[in-house]
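Colleague: The chain contents come next:
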Amino acid sequence: MTDNIILSCKELTKVYGLGNELVHAVDGVDLAFAQGKFYALVGPSGSGKTTLLNLLSLLDYPDSGTITVGGTTLQPKSPREKIRKDNISVVFQEFHLIPTLSLRENVQVPLYFHKGNHNGRVDELLKLLGIADRAQHKPRELSGGEKQRTAIARSLVVQPKLLFADEPTGNLDSCSSERIYEIFRGLVDKLGITIVVVTHNEKMAQNADGVWTMTDGKIVGGAGVCA
Amino acid sequence: MRRIGGVFKIAATNLLRRPARTIFTVLGIALAIAILTALWGVGQGYQDSLQSDVDKLGFHVLVTAKGCPYEAATLLMKGGGGLRYMEQDVVDKIVNDPAVERAAPQLMAVEYNPSKQGFDYYVGIDSATWELRPWMKFKEGGWFTAPDAMEAVMGYEAAELDQRRVGDEILMKDGTTIKVVGVLERIGAQDDGTTFMPLATVQRLFHQPNKLSGIGIKLKDIRELPAFEERMFNLPGTQVVSMAAVKGTIMGLVSSAQVMLLAIAAIALIVAIFGVANSIAMSVLERTGEIGILRSLGAGAGDIFLLVVFESVLLAIIGGVVGVLLTLGGSSIVESLARSALAYSPTGSLINITPEMIGYALLGGALVGLLAGAFPAWRASRLPVVKAIHRND
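Protein sequences, first through last, are from chains S and E.
Numbers 1 to 227, taken from my numbering, label the letters of the first sequence in order.
Numbers 1 to 393, taken from my numbering, label the letters of the second sequence in order.
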């Protein structure tokens, strides 16, 4: 690995109580992600992929272990909202678009919470993701693929360095899934964003720059990419 | 600013998601605000009109025959019969009192009018009453030609109602005719609906020689009232009541009823608060995933709190505006209901909605929204991001 690493974690652990049992959803995971690469995290359901993604995207707190983002190391209890806000966006299987806003207005939502001038960014993204002609439509008038592309545009509008996607094609047909993969690939290649995808989509995994397989909270296979 | 504007926009559009729920919640608040504003308006309007009626009597104190002083004062103010009578020579004793500037004796009489299926009210007065009420102006005609003339001066509404003009004759029950010699301009008081005759004429027509219903007295200085009352105490068969006390007593009775109604309105308002809180809580529950996503997109806990509170306050302000419009639109209905329910209603408008009241109603609405939205907002802002996003998974 080189110093081109944008995100890494060490001995990351997350334990849940399930009745009287303790479930190690993430169990001592060490990973590193290079800038401008596309990663896939695969594994059976319940293996801990989503939990790991929540920890790496700084949406949740680990019980132990550290995460380093752009040179800042976070301990389990360290506040992480600001670092997440400045570096990371997340796309989920559920689109959660605001139904009363148009596609364009949905994409603009993150700008309400971020400082800086992002003028022109919205139009650029709508064009890049092929949804510019649907900009004035409400979410109920969009197909599943268009909704997911809107959600992706919304996550990219604040220019994150890292994009996490949790089963982004889980609700889409194969054609739309293919399109999402092409978009991710383009974002990595053209914009230099690092993308980490939790997926069951074989094609997406096969074409990733790095793939890790998870079982029972541990990384059991695959390899990262040295930049 | 962009942040506040953006959060406000999301909150405002959220209200359109469930139009039926929004409409019913708004109506709940609107009704509560409308009831409160109307009651407040009635209280204010009643007090203003009563004050105007009392002022337009032109005297500070009323001397009547012994009995219930407030009943006597009320009857004198709104017109009516059934009063006890006092002897006219009391006037001479009163005018000699050093505190008295002017004393205006009056005799009230009532006669059934079969063509109207109602009563005609006649008030016998002398020139002192006229002098005590300088705001009384003639629309046409003038004052009685003699202190015992068979003549009448009609108030504006009394003349309109009976379609009388100067020169017309009023046929009394006993066949006597009374000539209308004057019609007054509208003054917005009980006098508008009254027919005045010379005191001696009413005494003769209604067989009450040397009798009076009461004597209106203007004091040189109102601060002399306690001492004057003390001196009048010794006059046999009479009692003194100040118009301020009459006003206070009537307002006291109206206020008692108002307090009860306000209590009901307050309950309606509390129900409205719970209605808004429930509506907002439901809305938050339905949007838990969305709130989680907003957090993941950079919204802080404060943004989420603001979002939910904005929604609640906006809902309540819309309810407040609708409530005020309901009150303004329905004020004539409220007024007629109040008139039918109250024993004594002043002549002016009974409901007086001021811009200040409208401001307070809207402020009250906003406060309802704030109270109702605070708890759901606090809960929404504390939702762990991951749990919120995956709640529906």
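It should be emphasised that the hints constitute simulated quantities derived from the structure, not laboratory data.
Heads up, some of the hints might be wrong.
[Unchecked claim] Covered stretches of chain E (in silico footprint by chain S; criterion: 3 or more residues with CB under 8 Å from a CB of chain S, positions within the stretch not fixed):
hint, stretch
1, 206 to 219
2, 283 to 294
3, 351 to 362
[As the list claims (entries may be wrong)] Computed footprint of chain E on chain S; a stretch qualifies when at least three of its residues, placed anywhere within it, have a C-beta under 8 Å from a C-beta of chain E:
hint, stretch
4, 96 to 103
5, 149 to 163
6, 195 to 206
Note that CB positions come from ideal geometry on N, CA and C, so glycine has one too.
Colleague: Take the hints in turn and mark each one as holding or not.
Modeller: Quick rundown of the hints versus the structure:
no., hint, verdict
1, 206 to 219, "violated (count 0)"
2, 283 to 294, "holds (count 5)"
3, 351 to 362, "violated (count 0)"
4, 96 to 103, "holds (count 5)"
5, 149 to 163, "holds (count 3)"
6, 195 to 206, "violated (count 0)"
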